[in-house]
Every structure is written in structure tokens, then in C-alpha cells.
Amino acid sequence: MHFSIEKAKNAQLKLAGRVIKENEIKGFKYIVGLDVAYSNSKGVGVAVIMDRDNNVIDVGIKILDVKVPYIPGLLAFREFPCMYGALKNVKKNFDIILVNGQGLAHPRRFGIACHIGVLSNKPTIGVARRKLYGQEVKADENLYQIIDGGEVIGAVLKIDTFKIYISIGHMISLRESIIIVKEFMKGHSLPEPIYNAHVIATEKAKNIKHNFKLQQTHSYLI
DNA sequence: GCGACAG
DNA sequence: ATCTTGTCGC
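Just so you know, we're using my numbering here: the first sequence kicks off at 6 and counts up by one.
Since the hints were made in silico from the structure, they are not lab data. It is possible that part of the hints are untrue.
In silico DSSO-like links for lysine-lysine, alpha-carbon gap of 27 Å or less [as the list claims (entries may be wrong)]:
| no. | residue 1 | residue 2 |
| --- | --- | --- |
| 1 | K93 | K47 |
| 2 | K34 | K214 |
| 3 | K191 | K34 |
| 4 | K97 | K47 |
| 5 | K31 | K97 |
Between beta-carbon pairs, the in silico distance windows are [what the hints assert, rightly or not]:
| no. | residue 1 | residue 2 | range |
| --- | --- | --- | --- |
| 6 | E208 | P74 | 36 to 46 Å |
| 7 | K31 | F8 | 36 to 46 Å |
| 8 | I76 | G22 | 16 to 26 Å |
Ideal Cβ positions, reconstructed from N, Cα and C, are used throughout, including at glycine.
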């Protein structure tokens, strides 16, 4: 069975109607960041739960074979299983999800942050380092709106020498999303929960590669 | 045909 | 995302 681009796009169009764009959050204590790294065909999904004092509370990991290629606009079909699996592997509770990728700022208004949000039924924010879709219009000093067809689908924050793209994933407003992302920017190009997930995922993927090389080196003994 | 194109 | 050498700056 092979991946169908048309079916994937239709699924996004159908699910996009389920995204809630208003705040369904009245304060929070814990937030979880999601990211995926790769070791050849192995995807390493990591979820890092943090509190508001920059402490790591819990970590969840999910390693799976990834067959779906990266296709702009269809990233979720490649990374969702690892991300969602990692999220299911955390033991502690969390109130908000930060996803490394776009949310509403997507050609069908359903980026990976919306996939995660709708299927988790939790307030979710999409955070990316690069733009996927839409026009950047200056709204203020260091703040841009991402617009498509007269609709604001996201925001861009200029910080030091880089930018970060923020958009609604689910059950939270764009305004609140920006405030929360800002709170967790601690000197890295991504908010701390995602940054930590990225570091752990990359390290784990690197270990898998290393172990594979060791196995190759000693395979003559078998 | 050309440019854009999350991770 | 991953691969990968040298180079710039604190």
C-alpha cells in the first residue's frame, strides 16, 4: 500500500473544520514540546513536559519506521505517528502542546499542529523556524502577520537575528499563542519545550546511527 | 517554465 | 530533516 497525496489532502480539508480557533484555556501549569529527528528510516519522536520555571517534568519517546516522504504541506503524514506516540508515552499531565511545525498557516489550514491538536483534544500551538504558506505583512516592530486571502492565519516574531512562525493549532487564539511562545523563548531559536525535545531527539537518532555503525564494524564476527 | 516549499 | 569543512567571533 502506498501513500496517496490526494487522499491525504482530502483528509486535511475534511478535518480542518474541526479546528477551534478560540481560547479554551484558563491558565496553565504544564506545557509539552514535540519534535522528531531521524536516523535513516527510523523516526525518533520526543515529547518534553516543562513547567513555567524552566524545569523539565517528564519526557516521552517513540521510535518508529517512517516510510512516508517529506512533502511540503503533508508533513503530518510523515511525523504525526512519532509525535503522537511520544505524547502518549509521557506519564505526567500537561495543559498546552507546542508542535515544531505550522498550524493554521497552511494551504488547507491544517498543518501538523492542527493534526496533533484535534486528535489530542488539547490547546495546541504551531511553532516553526521557516514559513510554509502565506504573505508576511508587517504589523508592528518585530511582529508580522501571515495573511492569505485577507485572512490572518499566523504571526511572525523577529527575535535577534532569526524569526519564528506561530499559528493556531487548536483550542487557542493566535493572540494567546504569541504570548505563550514568547514566555518560553529562553535564548534559543525555538521555545524551550520544543528545543529540548529537538536536542533529545537528535541525540537519540545519533546514537541509533552510531550503534548501527558499530554493528557493521563487528558483523564479520557473526 | 519559474519560484516556493514546515521538517 | 541529514550530511559535512572550514571559519568567524566571544
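Practice prompt. Quick one: which hint numbers does this structure break? Sort them smallest to largest.
Written response: 2 and 6
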